[in-house]
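> Residue strings, one per chain:
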Amino acid sequence: MSAAPRETKLSVHGLSKDFRLGSGETIQAVADISFDVRDNELCALLGPSGCGKSTVLRMVAGLEEPGAGSLMLDGKAIAGPGRERGMVFQSYTSFDWLTVQENVEYGMRLNGVPRAERRDRARHFIDLVSLGAFRHAFPIELSGGMKQRVAIARTLANEPAILLMDEPFGALDAETRWTMQELLIDILESTDTTVLMVTHDIEEAIFLADRIVFMTRHPGRIRKILTTDFKGGRRVADKEAVVGLPEYGALERHIMHMMREESPSREHHAAEG
Amino acid sequence: MNGAPTPRRPRWFEFQRAIPARASLALGVSVWIIFFLLWESAVVFEWVNSLFMPPPEKVLLGLWSLLVKDAFLVDIGISIYRIALSFALACLVAVPLGIFMGSFPRVEAFFNPLVSAWRYLPAPSFIPLLLMWFGTGDGQKIALLFIGVIWFLITIIMDHVKSVRRELIETSMTLGGNRWQILRTVVIPASMPNIMVAMRQMLAVSWTYLVIAEIVAATTGIGAVMMRAKRFLHVEKIMAGILVIGLLGLLFDFLFRRLHRLLFPYLESERR
Numbered sequence: 116m117s118a119a120p121r122e123t124k125l126s127v128h129g130l131s132k133d134f135r136l137g138s139g140e141t142i143q144a145v146a147d148i149s150f151d152v153r154d155n156e157l158c159a160l161l162g163p164s165g166c167g168k169s170t171v172l173r174m175v176a177g178l179e180e181p182g183a184g185s186l187m188l189d190g191k192a193i194a195g196p197g198r199e200r201g202m203v204f205q206s207y208t209s210f211d212w213l214t215v216q217e218n219v220e221y222g223m224r225l226n227g228v229p230r231a232e233r234r235d236r237a238r239h240f241i242d243l244v245s246l247g248a249f250r251h252a253f254p255i256e257l258s259g260g261m262k263q264r265v266a267i268a269r270t271l272a273n274e275p276a277i278l279l280m281d282e283p284f285g286a287l288d289a290e291t292r293w294t295m296q297e298l299l300i301d302i303l304e305s306t307d308t309t310v311l312m313v314t315h316d317i318e319e320a321i322f323l324a325d326r327i328v329f330m331t332r333h334p335g336r337i338r339k340i341l342t343t344d345f346k347g348g349r350r351v352a353d354k355e356a357v358v359g360l361p362e363y364g365a366l367e368r369h370i371m372h373m374m375r376e377e378s379p380s381r382e383h384h385a386a387e388g
Numbered sequence: 372m373n374g375a376p377t378p379r380r381p382r383w384f385e386f387q388r389a390i391p392a393r394a395s396l397a398l399g400v401s402v403w404i405i406f407f408l409l410w411e412s413a414v415v416f417e418w419v420n421s422l423f424m425p426p427p428e429k430v431l432l433g434l435w436s437l438l439v440k441d442a443f444l445v446d447i448g449i450s451i452y453r454i455a456l457s458f459a460l461a462c463l464v465a466v467p468l469g470i471f472m473g474s475f476p477r478v479e480a481f482f483n484p485l486v487s488a489w490r491y492l493p494a495p496s497f498i499p500l501l502l503m504w505f506g507t508g509d510g511q512k513i514a515l516l517f518i519g520v521i522w523f524l525i526t527i528i529m530d531h532v533k534s535v536r537r538e539l540i541e542t543s544m545t546l547g548g549n550r551w552q553i554l555r556t557v558v559i560p561a562s563m564p565n566i567m568v569a570m571r572q573m574l575a576v577s578w579t580y581l582v583i584a585e586i587v588a589a590t591t592g593i594g595a596v597m598m599r600a601k602r603f604l605h606v607e608k609i610m611a612g613i614l615v616i617g618l619l620g621l622l623f624d625f626l627f628r629r630l631h632r633l634l635f636p637y638l639e640s641e642r643r
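In the order they appear, the protein sequences are chains Z and P.
Take the first sequence: its position 117, counted from the start at 1, is 232 in our numbering, and no numbers get skipped.
Take the second sequence: its position 103, counted from the start at 1, is 474 in our numbering, and no numbers get skipped.
One chain only, chain Z, in its complex shape:
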C-alpha cells in the first residue's frame, strides 16, 4: 500500500471525562485527549492499566458520554452508539442461541438488509475468518479464538465506518493470539477497514498498528503518538518477520521505557537502585 496522505476518519479533540466515586469525590479518568485516526489506518491506544484507554474507546463507541471535548466521525459529531462504529469486546459476545451464520447476519438483520444479501455477505465474512466449516455450529461448540472470529466477522459484515476493538485478543492464549493478529492483518488488507484498537500489549500494538497513541494515567493523557514507519507503510502478516526487524526492537524498548516510567512502583525501584 502506498504512503499517500489519507483523509481523517475519526477526530478526537479535547476529550475529557470525570468519574464520580462511591464516596462522592470525582476523579478525572481522562483529560484533554486529542488525536486523529485516518482512513484505512489501524490506530492503537496503548498504555498501562488504568490509563483510561478503554474509556476513550467507549466514548467513541457512544457507550459513554464524554465530559468535554468533541468526537467527529467523517465530519459528523458522534451522539450515542450506532452501527457505523461496531465494537469487538475482550469478553466473548457471541449470541449463544444463534448459529455462527445467524450471529454474523445479526447486525444486518437489525438494519433491514434483505435476506438473500444478508446470507451471502455473512458467508463471505465467515469464510474470511476461516470458519466456513462451522457455519451451522452454535457458539458453545467453539473455542475462544473462534468466538472472537465470529465477533469480528459479525462486526465487519455490518459495514461499520470504523471498527472498534477493546483488547480483542486479551482473553486468548499466546499461540491463538498470534494467529488472530495475523488473521486480522489479512482481513484488514482485503476489506479496507479503519480500526481503533485498545491494547496493553506492546508487541501487539507495534505489530498491528500504523500509529500508536501512548497514554499515561491519573488522569489519562496522551504522552506520545508514535508511528510504525519502519514497516514501510505496509502491513506484514508475518509476525516473525516484523519482530525480527531491528527497528522493532528499538521501538519496543522505547515504549517499555515509557511504560516503566508510568509504573506505580517506579519510585520504589529508583530508591532500591
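Hints were generated in silico from the structure; no laboratory data involved.
The beta-carbon is built from N, C-alpha and C at its ideal position, and this holds for glycine as well.
None of the hints are false.
Part of the chain P face toward chain Z, derived, beta carbon under 7 angstroms:
1) E538
2) E541
3) T545
4) G547
5) Q552
6) P560
Starting from the known structure of chain Z, arrange chain P on it as the hints suggest.
Showing chain P alone in chain Z's frame:
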C-alpha cells in the same frame, strides 16, 4: 525396587469423583428398596399401629379403589386444571413484568417496593379473605395459587434478566440495535433458559399451595379427597393421595426439563 507406580486401592468414598452409571442406578434403586423394607417391617413387627400406618401394598390397593370406585381421575384432573390455569395466569403477568423490571431500573424502582412487600406475606393468610371474595369454588383456589407464586416468580425473573451480560447488550447497540430490538433479540433470548428454570421451580411451589387450597373448604380435587378419607380413617387413601401428588410433581418436572431441552438445543453440551 522398580519405578512402576503401585495402583491405589479404589475406595468407596472419594471426593467429587464421578461413579459409573450402573453403580448410580443400583444405589438409587437400593435406597427405595430399603425404604419399603423398613416400612413393611414397621407394620409386620408392629412397631407402629397399622391403623395409622398401613403397609405399602395396602396403599396401592387404596389407590386402586380410589381410581375405580371413587372416580379419583376426575379429582386429579380438577387439581391439574387449577395448577395449570393459575400458573399460566401468574406467568402471563410475571414474565413480561420481570423482564421489564430487570431491563429498566426505573420500572424496577416503581414496582419492586410493592413486589418485595407482597413476597413476605404468606399466601395462606389470605384464605379467609379469598373465601369471602370468591366463595368456595375454583376462583378462590386459583387466586390462592396465583398469589402464592407470582411475587417470587417476578423477583426471580427480574434477577435473571438483570444478569444478562452488559457486553451482549452493548454489542447490539454498536451494531445498530434500538431498545426494542435489543429487548427482543438479546435480553429475552439470553434470559429465557433461566426463566424456564425459574418457572419449573415455582411450579413445584404451586403444588404445595394446591394442597393447602384443597384442604380448606373444598369438595373436589386431590386434597379434598384426602380430607374426606381422613374422616373415615382411610389412612391408605390419604397416603395414596400423597403418592399421586408426588408422581404428578415428578411428571411436571420431567415435562419441563424436556421442554427446556427442546426449546434451547444450543445449551445441549452444557450439562447442568
